[in-house]
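Colleague: Numbering (UniProt numbering), first residue to last: 1 to 93.
Keep in mind that the hints were calculated from the coordinates and are not lab data. Please read all numbers here as calculations on a predicted model, not as lab measurements. Check before you lean on any hint, since a few could be wrong.
As the list claims (entries may be wrong) - Quick list of simulated restraints, FRET-style, between CB atoms:
no. : residue 1 : residue 2 : range
1   : Lys70     : Asp45     : 30 to 36 Å
2   : Asn67     : His40     : 24 to 30 Å
3   : Ser44     : Val79     : 34 to 40 Å
4   : Lys84     : Asp20     : 22 to 28 Å
5   : Ser85     : Gly34     : 29 to 35 Å
6   : Lys22     : Gly49     : 26 to 32 Å
7   : Lys22     : Lys86     : 34 to 40 Å
8   : Lys86     : Gly34     : 29 to 35 Å
Beta carbons are placed, not taken as given, at the ideal position from N, Cα and C, and that holds for glycine.
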Amino acid sequence: MDFKLAEKSPNHFAYEYEQDGKKLAEIEWNLRNGIMDMTHTYVSDVLRGQGVAKKLLDQAADYARENHYKMNPICSYVVAAFEKSKSYDDVKA
1 MDFKLAEKSP NHFAYEYEQD GKKLAEIEWN LRNGIMDMTH TYVSDVLRGQ GVAKKLLDQA
61 ADYARENHYK MNPICSYVVA AFEKSKSYDD VKA
C-alpha cells in the first residue's frame, strides 16, 4: 500500500491513500516550529480492520524522524496509539 504525501496548504500536510480516484485513507497534520500537530486520521469502511491507520501513523512517524520533527497527538487515534506503544516515544512532542 503506497501512501502519497500531499501538501494541502503551506503548513498543512497529509499522507493519503487513493484507489480509483477515491480517497480511502489519510492522516493529516499541521506543521509549526518543527512539531507535527496530528489532527485527523481517516480510514474508509472498505479498509477497516486491516491496520491501515497504524500504517499511516508509522509513515508519518518515519517522516518526522527523517526531518527531525516531533509529533503532537491531537486526534483520538494518534493519542491512543501513543499511549499503547513506546515505539513513538522518540517522536513524541
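Colleague: Of all the hints given earlier, name the ones this structure violates by number, lowest first.
Modeller: 2, 3, 4, 5, 6, 8
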